[in-house]
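Novice: Following the hints, position chain B against chain A.
Chains A and B supply the protein sequences, listed in that same order. With the working numbering as the guide, the letters of the first sequence map in order to residues 2 to 451. With the working numbering as the guide, the letters of the second sequence map in order to residues 573 to 951.
These aren't lab readings, by the way, just hints derived from the structure by calculation. Ideal placement from N, C-alpha and C gives every residue a C-beta, glycine not left out. There could be a bad hint or two in this list.
[Stated by the list, open to error] Between beta-carbon pairs, the in silico distance windows are:
(1) A:Ser45 - B:Gly742: 31 to 39 Å
(2) B:Pro698 - A:Pro144: 29 to 37 Å
(3) B:Leu657 - A:Ala72: 16 to 24 Å
Next come the chains, spelled out residue by residue.
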Amino acid sequence: MDYTRELPVVEGRPHPAELDATIAAPLDQFPTRTWWIVLAVTLSFLSFGAFCVGMTFYKGLGMWGINQPVAWGFDIVNFVFWVGIGNAGTLISAILFLLRQRWRTGIARFAEAMTIFAVICAGMFPILHLGRPWLPVYLMPYPNQNALWVNFTSPLVWDVFAVSTYLTVSFVFWYVGLIPDFATLRDRTSSSIKKTIYSVLSLGWRHSNRHWQHYERAYLILAGFATPLVLSVHTIVSFDFAVSVLPGWHTTIFPPYFVAGAVFSGFAMVQNVLIFVRQAFNLKHIITLDHLEKMNKVMIVTGSMVGYAYAMEFFIAWYSGSQFESFVFLNRALGPYAWAYWTMVSCNVIFPQLFWFKKIRRSIPFMFVIGILVNVGMWFERFVIIVTSLSRDFLPSSWGHYIPTMYDIGILLGSFGLFFTLILIFVRILPVVSISEVKAVVEGGQPSHH
Amino acid sequence: MNEQHLFSITALFETPDEIIHAAQETQKAGYTHFDVNTPYPVHGMDRSMGLKPTRLGVFSLVFGIIGAVSAVALMTWVTSSDYPLVIGGKPFWSWPAFVPIAFEVTVLLVAVLSVVTMIVLYFKFPNISHPLHDTPYMKRVSSDRFGISIEADDPAFNEAAVREFLKKIGGKDIAAVHYDLEDLNHGQRMFDPKFIGVLALTALLVSGATYIVFNQLLFMEPFSWMMTQSKLKAQRPSELFKDGIGMRPPVEGTVARGFLPYPFKGKPDEAGKNLVNPLLSTRDVLDRGKSKFLTYCSPCHGNFARGDSRLRGQFPNPPTLHSDKVRNWPDGNIYHVITEGQNVMPSYASQISRDDRWAIVRYIRVLQRAQNAKESDLK
Numbered sequence: 002m003d004y005t006r007e008l009p010v011v012e013g014r015p016h017p018a019e020l021d022a023t024i025a026a027p028l029d030q031f032p033t034r035t036w037w038i039v040l041a042v043t044l045s046f047l048s049f050g051a052f053c054v055g056m057t058f059y060k061g062l063g064m065w066g067i068n069q070p071v072a073w074g075f076d077i078v079n080f081v082f083w084v085g086i087g088n089a090g091t092l093i094s095a096i097l098f099l100l101r102q103r104w105r106t107g108i109a110r111f112a113e114a115m116t117i118f119a120v121i122c123a124g125m126f127p128i129l130h131l132g133r134p135w136l137p138v139y140l141m142p143y144p145n146q147n148a149l150w151v152n153f154t155s156p157l158v159w160d161v162f163a164v165s166t167y168l169t170v171s172f173v174f175w176y177v178g179l180i181p182d183f184a185t186l187r188d189r190t191s192s193s194i195k196k197t198i199y200s201v202l203s204l205g206w207r208h209s210n211r212h213w214q215h216y217e218r219a220y221l222i223l224a225g226f227a228t229p230l231v232l233s234v235h236t237i238v239s240f241d242f243a244v245s246v247l248p249g250w251h252t253t254i255f256p257p258y259f260v261a262g263a264v265f266s267g268f269a270m271v272q273n274v275l276i277f278v279r280q281a282f283n284l285k286h287i288i289t290l291d292h293l294e295k296m297n298k299v300m301i302v303t304g305s306m307v308g309y310a311y312a313m314e315f316f317i318a319w320y321s322g323s324q325f326e327s328f329v330f331l332n333r334a335l336g337p338y339a340w341a342y343w344t345m346v347s348c349n350v351i352f353p354q355l356f357w358f359k360k361i362r363r364s365i366p367f368m369f370v371i372g373i374l375v376n377v378g379m380w381f382e383r384f385v386i387i388v389t390s391l392s393r394d395f396l397p398s399s400w401g402h403y404i405p406t407m408y409d410i411g412i413l414l415g416s417f418g419l420f421f422t423l424i425l426i427f428v429r430i431l432p433v434v435s436i437s438e439v440k441a442v443v444e445g446g447q448p449s450h451h
Numbered sequence: 573m574n575e576q577h578l579f580s581i582t583a584l585f586e587t588p589d590e591i592i593h594a595a596q597e598t599q600k601a602g603y604t605h606f607d608v609n610t611p612y613p614v615h616g617m618d619r620s621m622g623l624k625p626t627r628l629g630v631f632s633l634v635f636g637i638i639g640a641v642s643a644v645a646l647m648t649w650v651t652s653s654d655y656p657l658v659i660g661g662k663p664f665w666s667w668p669a670f671v672p673i674a675f676e677v678t679v680l681l682v683a684v685l686s687v688v689t690m691i692v693l694y695f696k697f698p699n700i701s702h703p704l705h706d707t708p709y710m711k712r713v714s715s716d717r718f719g720i721s722i723e724a725d726d727p728a729f730n731e732a733a734v735r736e737f738l739k740k741i742g743g744k745d746i747a748a749v750h751y752d753l754e755d756l757n758h759g760q761r762m763f764d765p766k767f768i769g770v771l772a773l774t775a776l777l778v779s780g781a782t783y784i785v786f787n788q789l790l791f792m793e794p795f796s797w798m799m800t801q802s803k804l805k806a807q808r809p810s811e812l813f814k815d816g817i818g819m820r821p822p823v824e825g826t827v828a829r830g831f832l833p834y835p836f837k838g839k840p841d842e843a844g845k846n847l848v849n850p851l852l853s854t855r856d857v858l859d860r861g862k863s864k865f866l867t868y869c870s871p872c873h874g875n876f877a878r879g880d881s882r883l884r885g886q887f888p889n890p891p892t893l894h895s896d897k898v899r900n901w902p903d904g905n906i907y908h909v910i911t912e913g914q915n916v917m918p919s920y921a922s923q924i925s926r927d928d929r930w931a932i933v934r935y936i937r938v939l940q941r942a943q944n945a946k947e948s949d950l951k
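Here chain A stands alone, though its shape is the one from the complex (with noise of 0.2 Å):
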């Protein structure tokens, strides 16, 4: 292989118009048997989801299996768990676009439109974990009749700002991104619905350099900020954790630790998905073998770092000389929770490594069984940190053991059906591939001199 010229990032040389062709076709058949198939199963998850919502809006959190002292159970797990896949994205499509890897625009699009779909789905836990999940307004600060204030100085309220913040942040970054793609779209449908739709949602788009040109500085404005708001995301996330004082949770590797284990499981997510993306609208030239390859290195990487936070734990725990600290590592690896402490340390730390070969890293099979297993580690991750430590704090007498319940589970399941219709629904209605900014890469898209 020829190692001295930067290889192309679309394969061929796809003319404009058949980019357009391809990329849009989905939005103009009639969706295939598959997919209703593939839909009507997330939405029997979801319906599932919905049910053990409902019970829980209706009958209240004892239908959890969260009590004292284990009062974080499935519902923190499952926030943590999606907030990390929604890292991925805004990753993709601001610290990739700043550090000019034009590989991210093939995936770009999708992984921002996961982004959203994941951060609902974590924004999701922490509102039914209110007990009055009706009341979620009473989160943010705003005057009211009762003269409170929120507590500032709290990290669940920091939590409220990063969420809520990333959420609207990735949205107005990924609506930026689709406006010239639906001029496009708006130019080439025949359906007059359709059109009058894509017109609107265009903003009367006009491809205009006049235009071009404050949109460009706009993405690298946004692009600029998005960077650390996807930093800060996950590091206010183990904030949550890392500002308490319970053993276990109270350490400061915690933020970095976390960001690399939600780029890590976002990646794996991303991955996972496009695998099947790529394979149902025909678009392997565009998001081609070595978009997939270079995802699993991101992924070798991350997970190296968070196998090295595991170590690190432990020789702290040690080296802090506390007790408590030691007992409750001890704890995770040899007492009841073991079965999971030892399912993300293999999931998370030995398997990655397998993506040293290259063969394996560029095995659509292989990658893809690596990558579920990466999320059920990283699942398993957030279920060790807040499970073992609560479970087995400072005194004896109040240790106690969590079981989660039917409606735990159902709800994890739920935020799964979720996640997967909106992503049904999304590839259906909106092009997964950014158009004109895959037009831009394609060899000889740029003028000679450039």
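Specialist: Frame of chain A, contents of chain B only:
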């Protein structure tokens, strides 16, 4: 058929190199009101078109500063002035805790307001009735062609010359774009019945939804605001007890705190003999006695216990307490009268606590001595 106005002359080009060249030529030829439309941003186009750098970054800076300052200001005011809370013994104004929220608000304002500024101020969007919309030219530049559009309001515009110029620099599909004033104004009529209708419908839907959510939905089960609870409440019926009463009477013979049964009922002399005032004649006791006397006794007995009632004959006046009889009574007798009542005077046992009654007795003694002072008392 309405009058058609010429908007611009357009030409299409096939490659990015051609459009860069064409833009440079157009700028050189002295045209200023022209636009280049490309399906994606072409590198180097700003320079070729002679565009000034965008000022969007300045707006973003201003929004960022507003976000950071307002977030810190709100948190400062709330935590140190309006609603101070002691948390972990830290100072009210503990700035490190403000960093995350100040950062998030800054990013939020920059992202949202920069995009809104770009769309509204720079693009003048939404505008879906521009003359170029729906032209064959727009359909091509949306997909795979690069186009130049030289507008009719350019000072150097001359239709024939522009067509000639575009042909010379290699443009294909040269075409004129027209617009109809009626069409352009259509979207901007404030009193268009459709627009008014949409506004009215939106108002109706929003207010209706708000009403249903905030006045109905939020008060349905299970959102009962904890008003409906399965516990037993006083004053409510209950099926648990035979008598169907929720609130239970105390067990027979229960003695409430501070309400020991009075053993000298109907025996004033024995009370006088056996009871001893447990309170000393201290300033505190006398102040308390004065306060209770003025509250409960003075309406009938008068402020100085002379029997000068303030009730103006609506209730029989009691005799003065400065009579020899009362002055020679032991404390227990006065206490007995307050507790039991006498003639038309009712019992005050339920209004005045035992200690307060004794304090009143002490105060009455003071009044008696003051009203009948001896020479020796004045020395």
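Novice: Decide, hint by hint, whether the structure agrees.
Specialist: Status of the hints after comparison with the structure:
1. A:Ser45 - B:Gly742: 31 to 39 Å: violated (59 Å)
2. B:Pro698 - A:Pro144: 29 to 37 Å: holds (33 Å)
3. B:Leu657 - A:Ala72: 16 to 24 Å: Distance hint for Leu657 of chain B, Ala72 of chain A holds at roughly 22 Å.
Checked against the numbered hints listed earlier, the structure breaks hint 1 alone; every other hint is satisfied.
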